[in-house]
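Participant: If you read the sequences in order, they're chains Y and V. According to the working numbering, the stretch in the first sequence is residues 22 to 366, in order. According to the working numbering, the stretch in the second sequence is residues 22 to 366, in order.
No lab work stands behind these hints: they were computed from the structure. Honestly, I wouldn't trust all of these hints.
Repeated chains share a single entry, so a pair holds when one copy, or any two copies, can fit it.
As the list claims (entries may be wrong) - As a list, the in silico DSBU-like pairs of lysine-lysine whose alpha-carbon atoms are at most 30 Å apart:
#1 K103 to K296
#2 K189 to K333
#3 K240 to K35
#4 K296 to K115
#5 K293 to K282
#6 K35 to K103
#7 K282 to K115
Note that the structure is predicted; figures quoted are calculated from it, not measured.
Number of protein chains: 2
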Amino acid sequence: MTIRIAIDAMGGDKGLEVTIPASLNALNTFADLHLILVGDEPKIKQALLSQQAIPRDRLTIQSASQVVDMDELPSQALRNKKDSSMRVALDLVKQDQAQACVSAGNTGALMATAKFVLKTLPGIHRPAICTALPTIKKPVYMLDLGANVGADGESLAQFAIMGSVLAKTLHPDITPRVGLLNIGEEEMKGHDRIKLAQQLLRQTPIYYVGYVEGDDIFKGNVDVIACDGFDGNIALKSSEGVAKMISYYLKQAFMRNLVTKLIGLMAAPVLKAFKAKVDPRNYNGASFLGLRKCVIKSHGGADSFAFENAIKVARIEVLHDVPSRIRDEVARLLDEQTQSQTLED
Amino acid sequence: MTIRIAIDAMGGDKGLEVTIPASLNALNTFADLHLILVGDEPKIKQALLSQQAIPRDRLTIQSASQVVDMDELPSQALRNKKDSSMRVALDLVKQDQAQACVSAGNTGALMATAKFVLKTLPGIHRPAICTALPTIKKPVYMLDLGANVGADGESLAQFAIMGSVLAKTLHPDITPRVGLLNIGEEEMKGHDRIKLAQQLLRQTPIYYVGYVEGDDIFKGNVDVIACDGFDGNIALKSSEGVAKMISYYLKQAFMRNLVTKLIGLMAAPVLKAFKAKVDPRNYNGASFLGLRKCVIKSHGGADSFAFENAIKVARIEVLHDVPSRIRDEVARLLDEQTQSQTLED
Numbered sequence: 022m023t024i025r026i027a028i029d030a031m032g033g034d035k036g037l038e039v040t041i042p043a044s045l046n047a048l049n050t051f052a053d054l055h056l057i058l059v060g061d062e063p064k065i066k067q068a069l070l071s072q073q074a075i076p077r078d079r080l081t082i083q084s085a086s087q088v089v090d091m092d093e094l095p096s097q098a099l100r101n102k103k104d105s106s107m108r109v110a111l112d113l114v115k116q117d118q119a120q121a122c123v124s125a126g127n128t129g130a131l132m133a134t135a136k137f138v139l140k141t142l143p144g145i146h147r148p149a150i151c152t153a154l155p156t157i158k159k160p161v162y163m164l165d166l167g168a169n170v171g172a173d174g175e176s177l178a179q180f181a182i183m184g185s186v187l188a189k190t191l192h193p194d195i196t197p198r199v200g201l202l203n204i205g206e207e208e209m210k211g212h213d214r215i216k217l218a219q220q221l222l223r224q225t226p227i228y229y230v231g232y233v234e235g236d237d238i239f240k241g242n243v244d245v246i247a248c249d250g251f252d253g254n255i256a257l258k259s260s261e262g263v264a265k266m267i268s269y270y271l272k273q274a275f276m277r278n279l280v281t282k283l284i285g286l287m288a289a290p291v292l293k294a295f296k297a298k299v300d301p302r303n304y305n306g307a308s309f310l311g312l313r314k315c316v317i318k319s320h321g322g323a324d325s326f327a328f329e330n331a332i333k334v335a336r337i338e339v340l341h342d343v344p345s346r347i348r349d350e351v352a353r354l355l356d357e358q359t360q361s362q363t364l365e366d
Numbered sequence: 022m023t024i025r026i027a028i029d030a031m032g033g034d035k036g037l038e039v040t041i042p043a044s045l046n047a048l049n050t051f052a053d054l055h056l057i058l059v060g061d062e063p064k065i066k067q068a069l070l071s072q073q074a075i076p077r078d079r080l081t082i083q084s085a086s087q088v089v090d091m092d093e094l095p096s097q098a099l100r101n102k103k104d105s106s107m108r109v110a111l112d113l114v115k116q117d118q119a120q121a122c123v124s125a126g127n128t129g130a131l132m133a134t135a136k137f138v139l140k141t142l143p144g145i146h147r148p149a150i151c152t153a154l155p156t157i158k159k160p161v162y163m164l165d166l167g168a169n170v171g172a173d174g175e176s177l178a179q180f181a182i183m184g185s186v187l188a189k190t191l192h193p194d195i196t197p198r199v200g201l202l203n204i205g206e207e208e209m210k211g212h213d214r215i216k217l218a219q220q221l222l223r224q225t226p227i228y229y230v231g232y233v234e235g236d237d238i239f240k241g242n243v244d245v246i247a248c249d250g251f252d253g254n255i256a257l258k259s260s261e262g263v264a265k266m267i268s269y270y271l272k273q274a275f276m277r278n279l280v281t282k283l284i285g286l287m288a289a290p291v292l293k294a295f296k297a298k299v300d301p302r303n304y305n306g307a308s309f310l311g312l313r314k315c316v317i318k319s320h321g322g323a324d325s326f327a328f329e330n331a332i333k334v335a336r337i338e339v340l341h342d343v344p345s346r347i348r349d350e351v352a353r354l355l356d357e358q359t360q361s362q363t364l365e366d
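Model the full assembly from the supplied sequences, consistent with the hints where possible.
Facilitator: Given below as structure tokens:
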């Protein structure tokens, strides 16, 4: 089976400089991959000139004349950029010429356009942004990370269910433990919507384990964490911020003087092994769950290594047909709910 | 001037084991300090027996027969624990026998009891929990960290003002730059209450610089960040969680085999210097801003070094008379507001 993925080649802070080498690396790693580079054709061809080992039979260029700016309003991008690399890449998925789209472009525009072009799955209120994050054990899948501000209880429960299906699909050997992000003060514990989501989740067959707090995210004691997009974004960005600060101070400690620099040289292999463990680039590639097709958002500032990881995430989700799995599971739950309501009547 | 601080000696996960040595260290560091250890008198005396260098003229014991449990409901603690070490310590502050209270006990109970015993400053809607956090530059003061879930726009603006007064009081050489925590997507930027808070802050004389995102917390580009207690708690705990995970993987990298362990031994002084820079114990001690007196909350799991830092925070805030400064500044702003409204009429 060939997996065809449309790449928004112009998206992200660095565009082709990142997307072209990442795409070629992915093609050379996975023989089952066919990539469609969407964007400014002459520029793409120019960028390919300097590259080696191009598997031309598994690489297509699809012309698109516009680019969505990183700070463009989603509504404007949707209205005015109908021939953007982002839009055309999504159109290819809609037309079944590709099974997934990967973009490092404007998150809001990508979500708005993806919802418009590909549509939300039946029964799903709102798609959510989900990513794997490192923990001291296995990765945890967290959603929503910014698509929905002020999601209601039902949406939160749906996020949890979609996350659980994703985790189960990618790791068939586990029964994913699912938590809701909350804070610890007993009497004021969280917003009403979180309490409602908890009630709803207790009625589903998913393995809901209860509330988790911010510091639980990285402990590896749950496999899925559902939250409102505002809260998830705050948690994710705060974590990124503190990780950058720690890495700054670690580097500074070794750069202080000649002696510490020499120690740093000796410690380099150990520090390298450590960095590989917590390298956020290994986790680049967030899934837009709840859409009818696979859409993967790369960090806008991703380098080629990180963008390649987003392509890998897209490939895996296509291989496992994640959107269909979510559709089937949600339909099953909704069906059970209807049946139990009918029985109660 | 002698600074008298009431210590909830029984509070926290470890109680006297932490509070006694921390108190004695603080007394031996600051000659202007007088501490009142509040709690089970025989147990306190017993704990003091094993200690050396006790400045008995600056140490008092105040008996209290009860202890608030770490998971006790705040309302129940308030109702049933009128002779708890926490309550008696706050009573001492109310009676002007102490100028501040430091507790590592149950956060919700401490806030509820402090509000009841000491009262909120005139004009302040709700007190907020504020702590200094490390950045790659100077520390940033962040509030609220969990006292208020669903704070409205006016409360958020008050948090920003209180934080600004605190930063200005403790660092008279700076004009604190104040930001509101938000997320980055333009069209859905944050909750309405954050937009309202921004409008309100633009009308005040404080140096409001705009929205900041989670990853900005640790960049040091603002001195004060105001947010809802839910969001602040998520940001703080997520940051703690990722910092612990990073430290776990760093240790693991050096413990992998004999060679890496030897490298670790050589790198130990560098790693120690690095750890000191990001050690959260240096930032232990959160202020309850908006009360009529100083109340400092230590992390429940604080060790003696961290708890001593909370005592230092209390001492500094008493020295600078933070509650009066906040009271005066809020009164001045409210006054200006009334005057400008009168002029408009």
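Participant: Each hint needs a verdict: does it hold in this structure or not?
Facilitator: Going down the list of hints, with the structure as the test:
1. K103 to K296: Classified as neither; 41 Å inside a copy, 51 Å across copies.
2. K189 to K333: So K189 and K333 pass the 30 Å test inside one copy only (18 Å; across, 49 Å).
3. K240 to K35: The answer is between: 23 Å across copies meets 30 Å, while 34 Å in one copy does not.
4. K296 to K115: Neither: 39 Å inside a chain and 51 Å across chains, both beyond 30 Å.
5. K293 to K282: both (15 Å within a copy, 15 Å between copies)
6. K35 to K103: within (21 Å within a copy, 63 Å between copies)
7. K282 to K115: For K282 and K115, the Cα distance exceeds 30 Å both inside one copy (54 Å) and across copies (54 Å).
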